[in-house]
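Let the hints inform the model, and build the full structure from the sequences given.
2 protein chains.
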Amino acid sequence: MAEKWIGVVGGVGPFAGIDLLGKIAAETIANQDQDHLTALNWSQPAKIVDRTEYLLGQVAENPAGALAAQVQQLAQMGADVVGIPCNTAHAPRIFNQIRAALAAANCDVHLLHMIEEVGRFLRENLPEVKKFGVLSTTGTYRAGVYVEVLGALGFTAVLPPFPLQTEKIHPAIYDPIYGIKACGLATPQAQENLNEGIAALKTAGAEAIILGCTELPLAFTAPTAAGLPLIDPTRILARALIREANPAKLKPLI
Amino acid sequence: MAEKWIGVVGGVGPFAGIDLLGKIAAETIANQDQDHLTALNWSQPAKIVDRTEYLLGQVAENPAGALAAQVQQLAQMGADVVGIPCNTAHAPRIFNQIRAALAAANCDVHLLHMIEEVGRFLRENLPEVKKFGVLSTTGTYRAGVYVEVLGALGFTAVLPPFPLQTEKIHPAIYDPIYGIKACGLATPQAQENLNEGIAALKTAGAEAIILGCTELPLAFTAPTAAGLPLIDPTRILARALIREANPAKLKPLI
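Read top to bottom, the protein sequences are chains A and B.
Residue numbering for the first sequence follows my numbering, beginning at 1 and increasing consecutively.
Residue numbering for the second sequence follows my numbering, beginning at 1001 and increasing consecutively.
Keep in mind the hints are simulated off the structure, nothing from the lab.
We put the beta carbon where it would ideally sit given N, CA and C, even for glycine.
Incorrect hints may have been included.
Unchecked claim - In silico SDA-like cross-links for lysine to any residue, where the CA-CA straight-line distance does not exceed 25 Å:
id: 1; chain 1: A; residue 1: Lys4; chain 2: B; residue 2: Gln1072
id: 2; chain 1: B; residue 1: Lys1251; chain 2: A; residue 2: Ile177
id: 3; chain 1: A; residue 1: Lys47; chain 2: B; residue 2: Lys1004
id: 4; chain 1: B; residue 1: Lys1249; chain 2: B; residue 2: Phe1121
To be verified - Residues of chain B clear of chain A, computed beta-carbon distances all greater than 12 Å:
id: 5; residue: Ala1039
id: 6; residue: Asn1106
id: 7; residue: Glu1192
So, in structure tokens, the structure goes:
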């Protein structure tokens, strides 16, 4: 089987796309540069309106059109399997439109669904955990992305109380002064907010935490927080892309 | 002036390309995702033979052909200004051939020369330092890339003694067990070897150290080592790409 080419829609956000590329490289079995997979990254963030703002009704334009255009550009460059490292873009109101736009353009590239890949990963690797806490943007929160996908698989997703979500969790990602998007790293304030979220989710019975925004893994380098395992959808998407491109090069899970 | 698009030839090596993309994002003035620059990354490492092996006569094929093809693909996708985050690829025997191949193909994309950008940076920002130590692959070492470019600017480049270069410095990058390329990070053994190199360069009179292989910044998070300032050509290339794409978005140097 010929090795397939990986495409990545970058820029949503910029650091999340780069994190995904890094995780693809890190999860690939390679002894030298030449062993690494072909990866194409198209990052044109100015064209893609904020996914959360769209879901909350603050902008009218659905980002699906621009996202689909970038998936198509990747396909035209030769990408066979594509990932979008943005949880919020997987809300049905956005992701279904991306799929519709690709179908309308007769683009048959294999676009992975990051959240479905997370569900598959949990079913295969953490079947004993039934209740997952989810940290995310308010867009992902309100769209119920994880609640729906995990629910369909028999898991329960618990979310932080809404005031905590809007006053602490979302700003940890988006605040222009201390947010991860603006700073490219987790500032002490962002870290403190997120720790508060994890404590609330633990109190609500969460047995593991899904870092449900692709900026959040930047805030957590350890595999656990407050004693709970952390689930990194970016890493899961990276592994799924390698699996589809060339499963023989996927590192064993450790 | 319309904002220009940045192209990156990734995969040489994979982690260096990702490091460059990360530094482009980190050096860009942006308050939200949409403010970031358009960046296209073409990473097809299987096509590009090892640059050092070519310079040392261990493989016959000049990697310039494959590198030029990837620059052309970036240009076809719309990139206006392109960088190749691999010091060894800037040896004249490789880089001059890339330029010749692009000219023959009538590709007038603006391809930056990373080492010339380093020279420009040093002249503008460290004019008082006259003697630079260089850590690099043995390919860059033997090709005299930095010695030549810095010499033309009136600086002196000092290199580690040859046995130290081949037994410690090159393996810190390339060793299949502990090298940065294979591991994606600086293992303790790689770090120890590099520290030995810096000590030798300091003894030889170096007043600053150029991390002259794009894998090396992964080993150094502090701005100095053994009391000497560290110069990161990847960061300099990132800043040069932003300068060419949209100078108004280049963060001030700190």
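Quick one, are Lys1251 of chain B and Ile177 of chain A close enough, alpha carbons at most 25 Å? With a Cα-Cα distance of about 16 Å, the restraint between Lys1251 of chain B and Ile177 of chain A holds, given a limit of 25 Å.
Could you let me know if the closest chain A CB is still more than 12 Å away from the CB of Asn1106 of chain B? 21 Å, holds
Non-interface claim for Ala1039 of chain B, where every Cβ of chain A lies beyond 12 Å: 5 Å, violated
CA of Lys1249 of chain B to CA of Phe1121 of chain B, is that 25 Å or under? 18 Å, holds
Quickly compare the C-alpha distance for Lys47 of chain A and Lys1004 of chain B to 25 Å and report which way the hint goes. Measuring from Cα to Cα gives roughly 14 Å; hence the hint holds.
Has the given pair, Lys4 of chain A with Gln1072 of chain B, been kept, meaning a C-alpha gap of at most 25 Å? Within the cut-off at roughly 21 Å; holds.
Would the least Cβ to Cβ distance between Glu1192 of chain B and chain A come out above 12 Å? Label holds. Min Cβ-Cβ 22 Å, cutoff 12 Å.
When the structure is compared with the earlier hints, a violation turns up for hint 5 alone.
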